[in-house]
Amino acid sequence: PRVPILAPDNESAKHRDFGYFYIIQLHPDDLPDRLKIGYTDNLGVRLSDHRTSAPTLKLIRSWPCKRTWEEAAKASITRGDCRRIGGEVFDCDAEAFVERAEAFFSIMPKPAESAVGTSETDSKEIGERGSAADRR
15 PRVPILAPDN ESAKHRDFGY FYIIQLHPDD LPDRLKIGYT DNLGVRLSDH
65 RTSAPTLKLI RSWPCKRTWE EAAKASITRG DCRRIGGEVF DCDAEAFVER
115 AEAFFSIMPK PAESAVGTSE TDSKEIGERG SAADRR
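Read in order, the letters of the sequence shown correspond to residues 15 to 150 in the working numbering.
Just so you know, these hints were derived from the structure itself, not from any lab.
From a predicted model like this one, the values you see are computed outputs, not experimental measurements.
Incorrect hints may appear among the rest.
[As the list claims (entries may be wrong)] Below, simulated SDA-like cross-link-like pairs (lysine to any residue); rule was C-alpha separation at most 25 Å, straight line:
| hint | residue 1 | residue 2 |
| --- | --- | --- |
| 1 | Lys124 | Ile99 |
| 2 | Lys50 | Asp107 |
| 3 | Lys72 | Arg98 |
| 4 | Lys50 | Ser120 |
| 5 | Lys124 | Thr70 |
| 6 | Lys80 | Thr92 |
| 7 | Lys124 | Arg48 |
| 8 | Lys72 | Arg48 |
| 9 | Lys88 | Val59 |
| 10 | Lys80 | Asp44 |
| 11 | Lys124 | Thr82 |
| 12 | Lys50 | Thr70 |
Full structure from sequences and hints, please.
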């Protein structure tokens, strides 16, 4: 497993309870409804790790998320009309997953309003070419 390296000024430690909740399509061309959900404190590294086994994966959406929200987010997003394949992998309509995630994260405090100490509050979407774009 990857071991996080703390910055000399301990900046990384200050934010360790904050990260991103994400939804990815593991095989967008062959199995567009095969989705992986999860939490990470480093989205770029996590996507890179997943690409070792799913090189064509596509990030559908990500949201700023406190680590303590992860299990509640998973339960809310997977509460209906999906089939667990294993772990955090499901067969489900991607649009329905995103709608339930939007509903969940819309009622959660914004990271700048809570004690996570970050100003990045917009959810992210990555296009097919892998470039990040802010959702406005």
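For each hint, the structure was consulted:
Between Lys124 and Ile99 the alpha-carbon distance is near 31 Å, which puts this suggested pair outside the 25 Å criterion. The suggested pairing of Lys50 with Asp107 holds, with an alpha-carbon distance near 12 Å, which does not exceed 25 Å. Only pairs whose Cα atoms come within 25 Å are accepted, and Lys72 paired with Arg98 is accepted, the gap being roughly 19 Å. As the CA atoms of Lys50 and Ser120 are separated by approximately 21 Å, the hinted pair is consistent with the 25 Å bound.
Of the pairs offered as hints, the one joining Lys124 and Thr70 is violated, with about 31 Å between alpha carbons and a cut-off of 25 Å exceeded. Taken as a hint, the Lys80 and Thr92 pair is honoured in the structure, with Cα atoms around 18 Å apart against an allowance of 25 Å. For a cut-off of 25 Å, the pair hint linking Lys124 to Arg48 is broken: about 29 Å separates their Cα positions. The straight-line distance between the Cα atoms of Lys72 and Arg48 is roughly 11 Å, inside the 25 Å bound, and the hint therefore holds.
Using a Cα cut-off of 25 Å, the hinted pair Lys88 and Val59 holds, with the two alpha carbons roughly 21 Å apart. For the given pair, Lys80 sits about 32 Å from Asp44 by alpha-carbon distance, which is inconsistent with the 25 Å threshold. Between the alpha carbons of Lys124 and Thr82 the distance comes to roughly 14 Å, so the proposed pair stays at or under 25 Å and holds. Only pairs whose Cα atoms come within 25 Å are accepted, and Lys50 paired with Thr70 is accepted, the gap being roughly 13 Å.
Hint compliance for this structure: hints 1, 5, 7, 10 are broken, all remaining hints hold.
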